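J.: Chains as they are written, first to last, in numbering that gives the first Met the number 0: chain A, 0 to 232; chain B, 0 to 234.
Rather than coming from a laboratory, the hints here were simulated on the basis of the structure. Note that the structure is a prediction, hence the values are computed from the model and not measured.
Here's a subset of chain A near chain B, in silico, CB distances under 10 angstroms, partners left out:
no. : residue
1   : Glu6
2   : Gln10
3   : Leu116
4   : Pro117
5   : Gln137
6   : Phe138
7   : Tyr140
8   : Tyr142
9   : Ala191
10  : Gly196
Computed spacing ranges between beta-carbons, pair by pair:
no. : chain 1 : residue 1 : chain 2 : residue 2 : range
11  : A       : Gln151    : B       : Asn71     : 40 to 48 angstroms
12  : A       : His189    : B       : Leu130    : 20 to 28 angstroms
13  : A       : Ala179    : B       : Phe28     : 39 to 47 angstroms
14  : B       : Thr55     : A       : Arg168    : 40 to 48 angstroms
15  : B       : Glu68     : A       : Gly161    : 49 to 57 angstroms
16  : B       : His136    : A       : Val107    : 18 to 26 angstroms
17  : B       : Gly58     : A       : Gly161    : 44 to 52 angstroms
18  : A       : Arg208    : B       : Pro169    : 39 to 47 angstroms
19  : A       : Val107    : B       : Gly58     : 52 to 60 angstroms
20  : A       : Ser147    : B       : Asp15     : 29 to 37 angstroms
21  : A       : Arg39     : B       : Leu130    : 43 to 51 angstroms
22  : B       : Gly58     : A       : Arg11     : 53 to 61 angstroms
23  : B       : Pro169    : A       : Ala173    : 29 to 37 angstroms
Partial list, computed: chain A residues near chain B (C-beta under 10 angstroms):
no. : residue
24  : Pro115
25  : Ala118
26  : Leu120
27  : Phe144
28  : Val145
29  : Glu148
30  : Ala194
31  : Arg195
32  : Phe197
33  : Phe198
34  : Val202
35  : Leu204
For glycine and all other residues, C-beta sits at the position ideal for the given N, C-alpha and C.
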Amino acid sequence: MHHAVVESWTQRRSWLHARDARAKDAVLLAFLIAVATTARMSPRAAAGYGLCVAAAILASGLPPVSLLLRACVVLPFSAVFALFAVLAGDPNRAVSLVLKSYLSAAAVLVVVATTPLPALLRSMESFGVPRFFALVVQFLYRYLFVVSEQAQHMRAAAASRGGRGFTFRSAASALAVLFARSHARAEGIHRAMLARGFFGRTVALAQPRAALADGLFLAAGLAAMAALRLWNH
Amino acid sequence: MEPLIEVRGLRYRYEDGTQALDGIDFDLFPGETVALLGPNGSGKTTFVHHLNGLLTGEGLVKVCGLTVEPCNFAQVRRKTGLVFQDSDEQLFMPTVLEDVAFGPLNVGGDADSVREAALKALAEVGMENALKKAPYHLSAGEKKRVALAGVLAMRPDILILDEPTTFLDPPARRDLIHLLRGLPQAKILITHDVSLASALADRAVFLRKGKVVAMGTVVEIAREYDWEAQPGPRD
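In isolation and in its complexed conformation, chain A is listed as follows (with noise of 0.2 angstroms):
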């Protein structure tokens, strides 16, 4: 099957990748807190906020090109509250806010595509985020490939039938059935969940150990955004 490119890029090896997924995550909250709270994103804070993607971006080894055209996928959606601004007669506060978003989402990207979603789930607990929240975050992604190759091998049986493109009554019994599958598939899940043990929560195996990298990458992160908010003041 065809796996998410974004899963993929964790897969990867660089300095990113090997920080603590606590530590990139606390830099990241900290990143979203500065650029949301930066009341117009003038020319400098733009360019301050970038810089930190970018650097980001450089020390990911990932394709530049492709992640921030990935990144756009927020661009409809801020574009939409844009057009308000403007309409409202405020296009500075537009640009600002299509600024705002694309590089949070650039960010969110970048800590998301050098992240393991193990790792990630972990990090999000050890901030207080509830364990059941972190397990069905889990369990949709895991299973996000399986109903997708689901939908792969259903859409090549279509096609080795002749199925030509999809018209709205095709696709909509191609859901249906694929809903149908994917309920089988959880009920036998929760078959081998409970064949093991499982009572109803899961245990976690053990919490990784943060190295000085870690805590100086989280400091001097910290500062950089501190710093950046300050100056944007």
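Since the structure of chain A is already known, use the hints to place chain B on it.
T.: Below, chain B alone, put in the same frame as chain A:
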């Protein structure tokens, strides 16, 4: 000798009214491997799901002297390791190591001993180098091995394998047979593959319409029910 599994008069009817099991009697003794043969829908999988309480019907089911009932499910599930036909259903944790550790953690092991048990089980199946991999990045044969490791890590007395060679290519199938031969546990093997059953099982039980209709050696059963896949030479 006391049987590890003792089943008497087991009946089970699905909610839609289908009589899946109709008075099954069955024994499994220590150290033996029994192949469950029979047509699709004959009740083989339904039967083994009763052996660790995933389904509960009428009749007596005892595992290692414990009656399979809700108050014993935790102990029974520790003693019977069930390897599902579709490994994708069994591998749900984010990494191979965490998946193998899932069972032992559920039965109350501490992190260090569970990690040790998981590493040992992975080494037994030859997957010790895949600890940090995501299960969905593995091949079908590797998934099957990891699924087996997840069960072995719980140190069960009985292994139940539902169509273990499904989706496996010949080398992976051969490796799995070799691996299973080396495991000391008593085994129940659900399969349509007579050559696999011959390679592993001491005896076979043939199910049809939820009933045990024959018992004997794999060769006898295969002959009696014309259960070989080989169509014979081409004209």
